[in-house]
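There are 2 protein chains.
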Amino acid sequence: MPTLRIALAQVDSTVGDLTGNAQTIIEWTRRAAAREADLVLFPEMMLTGYPVEDLALRSSFVDASIAALHDTAARLAGAGLGSIAVVTGYLGRRTGPAPHAGEPASGAQNAAALLQDGRVVVTTAKHHLPNYGVFDEYRYFVPGNRLPVFRLPCGGAAADVAIAICEDLWQDGGPVTVTRQAGAGLLVVPNASPYERGKDAERLELCVSRAAEAGATLAYVNMVGGQDELVFDGDSIIVDAAGTLLARGPQFAEALVVADLDLPNADLAVHLGDTPADARDGTQMTIHRVAADPAPDRGNEPGPDGEPGPVWPRLSPLAEVYAALVTGVRDYVRKNGFRSVILGLSGGIDSALTATIAADAIGAENVHVVLMPSRYSSTHSVADAEDLVKRQGLNARTVPITPMVDAFEAELDLSGLAAENLQARVRGVILMGLSNEAGHLVLTTGNKSEIATGYSTLYGDSAGGFGPIKDVPKTLIWQLARWRNEEAARLGQTPPIPENSITKPPSAELAPGQLDSDSLPDYALLDAILDDYVVKDMGVAQLVAAGHDPALVGRVVTLVDKAEYKRRQYPPGPKITPRNFGRDRRLPITNRWREPDPQ
Amino acid sequence: MPTLRIALAQVDSTVGDLTGNAQTIIEWTRRAAAREADLVLFPEMMLTGYPVEDLALRSSFVDASIAALHDTAARLAGAGLGSIAVVTGYLGRRTGPAPHAGEPASGAQNAAALLQDGRVVVTTAKHHLPNYGVFDEYRYFVPGNRLPVFRLPCGGAAADVAIAICEDLWQDGGPVTVTRQAGAGLLVVPNASPYERGKDAERLELCVSRAAEAGATLAYVNMVGGQDELVFDGDSIIVDAAGTLLARGPQFAEALVVADLDLPNADLAVHLGDTPADARDGTQMTIHRVAADPAPDRGNEPGPDGEPGPVWPRLSPLAEVYAALVTGVRDYVRKNGFRSVILGLSGGIDSALTATIAADAIGAENVHVVLMPSRYSSTHSVADAEDLVKRQGLNARTVPITPMVDAFEAELDLSGLAAENLQARVRGVILMGLSNEAGHLVLTTGNKSEIATGYSTLYGDSAGGFGPIKDVPKTLIWQLARWRNEEAARLGQTPPIPENSITKPPSAELAPGQLDSDSLPDYALLDAILDDYVVKDMGVAQLVAAGHDPALVGRVVTLVDKAEYKRRQYPPGPKITPRNFGRDRRLPITNRWREPDPQ
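If you read the sequences in order, they're chains B and E.
First residue of the first sequence? That's 131 in the numbering used here, and the numbers climb one at a time after it.
First residue of the second sequence? That's 131 in the numbering used here, and the numbers climb one at a time after it.
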C-alpha cells in the first residue's frame with residue numbers, strides 16, 4: 131500500500147499579482163519539499179487570485195496567466211526541489227472546439243494544473259460553475275468535462291490521484307462520481323471558498339460525504355485572506371473515504387498542512403489515456419490518465435500506518451467572526467497599498483469596534499481617529515471616545531464641527547433630517563480631507579442593521595473606502611465588543627473598548643436627546659426580522675408566519691426596500707453572513723414591488 | 131391563405147409594479163381590439179418589469195407574478211374584448227422535475243404566456259439565458275425546453291404561431307430551428323432589449339436572418355423606457371421569411387404597431403400535442419401544439435395581399451443617444467416618485483448638457499440649478515451658467531462656497547488635491563442639503579471620460595442619485611450639445627446651451643487657471659483609447675497595435691485601473707455604449723494586475 135505525503139499550502143493570493151503569487155507557489159513548494167512531501171496542493175485560481183471578475187474576459191490577462199503557469203513550472207524545476215508534484219489553480223483557456231451558446235467567447239476556464247519536473251503535466255477545468263450568491267462563474271468560464279487522474283509513484287508503489295475544483299464538490303454528479311469510476315485513491319480539491327458564519331461545519335460534512343461517494347481520500351485546500359468583500363478562511367481538510375478526519379488547517383492563517391496518506395495501490399492493468407465516463411449530471415466526462423514521476427526517496431519513510439496530519443483547534447463562533455473582520459481590513463489595506471486608516475470616533479459602539487478591529491489588523495500606531503463633536507454631542511460621548519483612544523494608544527485629533535455647520539446654515543435654511551444629515555456630511559468632508567492630505571484609507575463605521583434600514587447619511591457617515599462592520603448586525607456588534615474585552619482580560623491585557631460604549635443606549639446624536647430607538651425598533655427584534663428578510667429572503671407572509679410582529683414586519687420591510695439607493699453607493703466590507711449587501715444581494719433601485727401589508 | 135392582424139404593444143413597464151403593468155396590458159389590449167387585431171404581443175417580463183434582479187429569487191414575488199397573470203387573463207375576459215389572443219412575458223416557475231445542478235433552486239423562469247377567453251392557454255420559458263454584459267440570467271432562471279405553437283383560426287383558415295423569448299433569437303439553435311421543424315408560419319418574440327449605440331441596425335439584421343432560418347414571419351416587440359442603468363428603446367420589428375421589413379416601431383416611444391400578415395395555412399393533418407424536436411444546440415426541446423380560439427370577425431377584412439404595417443422613421447445617431455439620455459432621466463425620476471431634480475451648474479459643458487437633458491425630460495420648471503462659485507471661478511463661468519438659466523427658464527440659486535471652504539480650512543490644513551477636493555465636496559454637501567430639504571433628486575454631472583480616469587471627487591461632483599451623462603465620453607458630450615442647439619435652431623427655438631460653454635477649454639476650476647488638459651490627455655486621443663480599453667477590452671499590446679501612442683496608453687490604462695474604487699460608489703446612469711461602468715464591467719477594486727509598460 132503506497133503512502134503518500136501530501137502538503138496543503140493554505141496560502142494567501144492577491145488578485146492580479148501574477149508575479150507575487152508565482153513567488154508564493156515557489157516558496158511554499160520549497161517548504162513542502164523540505165518536509166519531504168510527494169505532492170503539494172495550492173488553492174483554486176492561486177496564480178491569479180480569486181475572484182478576478184471581468185479580468186477573466188480580457189485575453190491579455192488570460193494569456194498572462196497561462197504564461198505565468200509555464201514560467202512557474204520552469205522556475206520550480208530550476209529550484210532544485212526534485213520531482214515534487216505541484217497542483218495549483220490558475221486561469222486557463224479552453225482548447226479545442228468553440229464554446230457553446232451562452233458560454234463566454236473568451237473561452238476562459240477556472241483551471242488547475244499538475245506541474246512536475248518543469249512541465250505542465252496535465253490540466254483540468256472546473257466542471258460545476260457556481261452562479262449564485264457572490265459567484266458569477268457562468269459569466270466567466272467555460273466548464274470542463276475531463277477528470278485528470280495522475281499515477282504518482284510513491285513508497286515503491288503508485289497511487290492514482292484525481293483533481294476536481296471547489297464547486298465540483300458542492301454539486302451532485304460530475305467529478306466526484308467519476309472519481310469513483312476511475313478508481314482513484316485520492317481526490318485533491320483546490321478551493322477559494324469564502325467565509326461565512328458556520329460554513330466550516332458545513333464544509334467538513336461535505337468533505338466527509340463526498341469522500342465516501344468518491345470512495346477516495348479527499349484533500350481540500352482553501353485560500354486565506356481578504357479580497358474586497360470576500361474573506362477566505364483557510365480551514366483546509368483531509369478526510370479518508372471512511373470519514374475519518376486526518377488533518378485540518380487553521381482558520382484565517384497561512385499554514386502548510388502535511389499528512390501521510392495510506393492509499394490503495396493503483397491498478398497498473400488500467401492503461402493511461404482517455405476513457406469516457408458517465409458524470410450522472412446530464413453531461414459526459416472523460417477520465418484522462420497520465421503518469422507522474424516519482425518524488426525522490428524520503429529520508430524517513432513513514433511506518434505502514436502513516437501519520438495523521440495535524441488538526442488545528444477551531445475558533446469559537448465570535449472569535450471566528452472577529453478574525454474574519456480583522457483579516458478583511460488588514461488585506462484591503464495592505465493589498466491596496468495603504469499603510470494607515472482614519473475614521474471618526476463618536477464614543478458609540480460602532481466606531482469603537484471598528485477602531486479596535488483596525489488596530490488589531492494593522493497596529494494602533496497606524497490607526498488615526500478624529501473626534502468631531504457637535505453641539506448635540508453629549509459629554510459622555512467625548513469622554514468615551516477619549517477613553518478608547520487612551521486604552522489603545524491610537525492617533526487622535528479633535529475637530530469640532532460647529533463652525534463648518536454654521537457656515538452652511540448661514541447660507542442654507544436646513545431643518546429636520548436635512549440639518550441632521552448636514553452634520554454627518556461635514557464629518558465626512560473632514561475625514562476625506564484628512565485622508566487626501568495624508569493618504570489614510572477612510573473606514574466607514576455603519577453596521578448591517580443601519581445599512582439595511584437606511585439609518586445613515588449618504589456621503590456622511592457612509593463616506594469611506596471600506597466598511598469593516600458593514601455585514602455585522604447591531605446585536606452581534608455588542609457581542610463582539612464584549613467578546614473582545616473578555617479576550618483581553620483573559621490574556622491579562624487592558625480591555626480595548628470602554629464599558630460605557632457597550633452599555634449606553636445607542637444614539638446618532640444629530641439632534642438634542644436623540645436615540646436610535648426613536649427611529650428604529652428594538653435591535654433584537656429588528657435583527658431577527660432582518661435575518662429572515664435579507665438573509666433568508668422570506669416574503670411578508672412567511673415573516674409573519676415565522677412569528678414576527680406584523681406591524682413591525684411592514685415597517686422594517688418598507689425601510690429596507692426604500693434604502694436600496696443608499697446601499698448602491700456604500701463601500702465594500704467583509705462578508706460574514708450567508709447574504710451580505712454587495713455582490714450577494716442585487717436588487718433594482720427602481721422597484722415598486724411592495725408586499726401586501728401584513729396587518 | 132390566412133391573414134392575421136397582429137398588434138405589437140411596444141410599451142413601458144415598471145419593475146415590481148404588477149398592478150400597474152397588468153393595467154397596461156389591459157389598456158393596450160383594448161386598443162389592439164379596437165384595431166381589430168387577432169393577436170397582441172407584449173414585451174418580455176411585461177408583468178414584472180425587467181430586469182427584476184434578485185426579486186426573481188424571492189418566492190413571494192414569483193407567486194405574485196403568476197397570480198397576476200391569471201388575474202389579468204380573467205380581467206381581459208371580463209373587459210368584453212372578444213377572443214383576441216394576448217401573448218405577454220411574465221415571471222414564472224418551472225413545473226415538473228427539480229432544477230439541475232447549478233440552476234436556481236427557486237425554479238423561476240423568464241416566461242411568456244398566451245392568454246385568451248380568460249384562460250392561460252399555454253406558457254413557455256426562455257431557452258437561451260444571456261449571462262454576459264448587463265445580464266445575469268443563469269443566476270435567476272431555469273431554462274425552458276419547449277416550443278409552444280398555437281393554432282390560431284383567422285380569416286376562415288388557421289395559422290400556426292410559435293413563441294420564443296429575446297435571447298432565443300440571438301443564439302444559434304434552440305427555438306429558431308425548432309420553429310422551422312414545427313412548420314409554424316409566424317414566430318412571435320417578446321423582448322426586453324436594452325439600448326446601445328448602433329444596436330438597431332444589428333437587431334434588424336438579426337431578425338431578417340432568424341426569420342429566414344425559421345422559415346417564418348417574425349414579430350419582435352421590445353420594451354420602452356428606463357430602468358436604473360438600462361434604457362429600452364422599442365424599435366419593434368416585423369419581417370417576413372424573405373427578409374422584407376413589414377413594420378417597425380418608433381424609438382424611445384410607446385406605440386401600437388399593427389400589421390396584416392399573410393401566413394401559410396396551418397397543416398391541419400398535424401395533430402395537437404407534443405413532439406420531440408432536435409434543438410441543434412446540444413439540448414432536446416419539445417414542440418407543444420395547442421389550439422387557440424378564433425378572434426371575432428373583423429368588420430373590414432383586408433385584401434388578399436394584406437397591408438404592411440407602418441415603418442416609423444429612424445432617429446439620427448445623435449438624436450438617438452440624446453433620446454436615450456432623456457428617457458433614462460425621465461423614467462428614473464418618475465418611477466422613483468420624484469417630481470424635480472437639482473444639480474450644480476458650473477458654466478461648463480457637462481453641467482450645461484445635464485441640465486438641458488433634465489429640462490427636456492421633466493420640464494424646465496422642475497429643474498433646480500445651483501451656481502456655487504468659488505474664489506477660482508472665472509467670470510465667464512458664472513456668466514455662462516446664468517445665460518443657460520435664462521435660455522431655458524430653470525430655477526436657479528447662487529450659493530458662493532467660500533465661507534464654507536474657509537470654515538474647513540480654518541480647522542484643517544489642506545493643500546493641493548485635498549484642497550481642490552474640499553471645494554467639490556462643499557458643493558456636494560450643499561446640493562444634498564437642498565435635496566433633503568425639498569425632495570429633489572440630485573443629478574451628478576460627470577462624463578464617462580472623467581469617470582474612467584478618476585478625474586472627479588468622491589462625495590464631491592460625484593454626489594447624486596443619478597448620473598445622466600455617466601456613459602457619455604467627453605467628445606460625444608460636445609457633439610450632443612451642438613446637435614441639441616442645431617435641433618432648436620431648426621425648430622425655430624432658442625438654442626438651449628450657450629455657445630461659450632461648448633467652445634471654451636474645459637476646466638474643473640478648483641485651482642487658479644486650472645485646465646483639464648493639465649491633468650488629462652487631449653480628449654480626442656483619450657476617448658479613442660478609452661473606447662478600445664474599456665468598451666473593447668483590449669490589452670496594452672493590442673492598444674499599441676491599434677495605433678495609440680504607447681506612452682499615452684500606459685498613462686491612461688493606469689488612470690483607469692486605479693479609479694475602480696471611485697466608480698464603485700458612483701450612482702447609476704443610462705447605458706448608451708456596448709460597455710458601461712456598472713453591471714456591464716465588473717472589476718475588483720483590489721487588483722494588482724498592471725499590464726507590462728508598452729514603452
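Treat the hints as calculated values from the structure; they're not laboratory data.
Heads up, a few of these hints could be off.
To spell it out: a stretch of chain B is covered by chain E in this simulated footprint if at least three of its residues, at any positions, have a beta carbon under 8 angstroms from a beta carbon of chain E; those stretches are [as the list claims (entries may be wrong)]: (1) 202-209; (2) 227-234; (3) 550-557.
Covered, in the sense of this in silico footprint (three residues per stretch, anywhere, with C-beta under 8 angstroms from a C-beta of chain B), are these stretches of chain E [what the hints assert, rightly or not]: (4) 142-149; (5) 499-509; (6) 552-561.
Using N, Cα and C, we set each Cβ at its ideal position, and we do this for glycine too.
* Coverage of the stretch 227-234 of chain B by chain E, judged on three or more residues with CB within 8 angstroms -> holds (count 4)
* For the stretch 552-561 of chain E, do three or more residues have a beta carbon lying closer than 8 angstroms to a beta carbon of chain B? -> Since three or more residues must qualify, the claim that chain B covers the stretch 552-561 of chain E holds, with 6 doing so at under 8 angstroms.
* Can you take a look at whether the stretch 499-509 of chain E is actually covered by chain B? Rule is 3+ residues, C-beta closer than 8 angstroms. => violated (count 0)
* Under a C-beta cut-off of less than 8 angstroms, do 3 or more residues of the stretch 142-149 of chain E approach chain B closely enough to confirm the stated coverage? -> holds (count 5)
* Asked: If you look at each residue in the stretch 202-209 of chain B, do at least three have a Cβ nearer than 8 angstroms to any Cβ of chain E?
  -> Contact hint for the stretch 202-209 of chain B vs chain E: violated, 0 residues under 8 angstroms.
* If you look at each residue in the stretch 550-557 of chain B, do at least three have a Cβ nearer than 8 angstroms to any Cβ of chain E? -> That given contact holds, which follows from 4 residues of the stretch 550-557 of chain B lying within Cβ reach (below 8 angstroms) of chain E.
Violated hints, listed in ascending order, are 1 and 5; each of the other numbered hints is respected by the structure.
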